[in-house]
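A.B. asks: Residue-level listing of the chains:
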Amino acid sequence: EAQVTQNPRYLITVTGKKLTVTCSQNMNHEYMSWYRQDPGLGLRQIYYSMNVEVTDKGDVPEGYKVSRKEKRNFPLILESPSPNQTSLYFCASSLSGGGYTFGSGTRLTVV
Amino acid sequence: GQQVMQIPQYQHVQEGEDFTTYCNSSTTLSNIQWYKQRPGGHPVFLIQLVKSGEVKKQKRLTFQFGEAKKNSSLHITATQTTDVGTYFCAGHHYFGNEKLTFGTGTRLTIIP
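Heads up: the protein sequence lines correspond to chains A and B, in order.
Per the numbering used here, the very first residue in the first sequence carries number 1; after that it's consecutive.
Per the numbering used here, the very first residue in the second sequence carries number 1001; after that it's consecutive.
Each hint should be verified, as a subset may be incorrect.
Said to hold, decoys possible - Taking lysine to aspartate or glutamate pairs in the DMTMM-like style, the calculated list, with each CA pair at most 20 Å apart, reads:
no., chain 1, residue 1, chain 2, residue 2
1, A, K18, A, E1
2, B, K1036, A, E70
3, B, K1099, A, E30
4, B, K1099, A, D59
5, B, K1099, A, D38
Hints listed in this document are in silico derivations from the structure and should not be mistaken for laboratory results.
Everything numeric in this text was worked out from a predicted model, so none of it was measured.
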């Protein structure tokens, strides 16, 4: 089944403890992207990648890192999480800039 | 930076009534996409519009892209309970750039 898989689905962590949210797609899509969703703010793009080793900042990249070492994976790294990064995170992929297929989401709570 | 405004934020309609959500960008868009997110779910791609003035239909859903490529609308005719969810527009501001800006969404509630 064609899909975008994110892990974990839920995560509670403490301030300052590094974490990684994994994202993998099995559709051979070139484009991948990370979003955070907060009430009243919609979806805001964190980082995107148009190909292996090519990444760029979205609208809210501060406090996040990404890497794209292989086509299928696009992990999101929070080096030192803070409470304002508590949010619902979505990974998404697209063949070539058309519609995106979204993962099921990761609900992150930073205490 | 680029902004995409979407109105209304909430819409409650009787089942069978029509529904429209509007999307406006501060700058010209290269294309616009529409997504639907069911409560507790993830966004699901509905359609992409590219050409100025383009109109596309999917059964009871009609999508329009403005002549100036700065606004768009989604109209649902005769709503059904399965239409419940939040509808988002999302625009690419530049060709060849994957920076995608989402609108704030319109949450549709259906009264049976």
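A.B. asks: Could you work out which of the previously given hints the structure breaks and list their numbers from low to high?
C.D. replies: 1, 2
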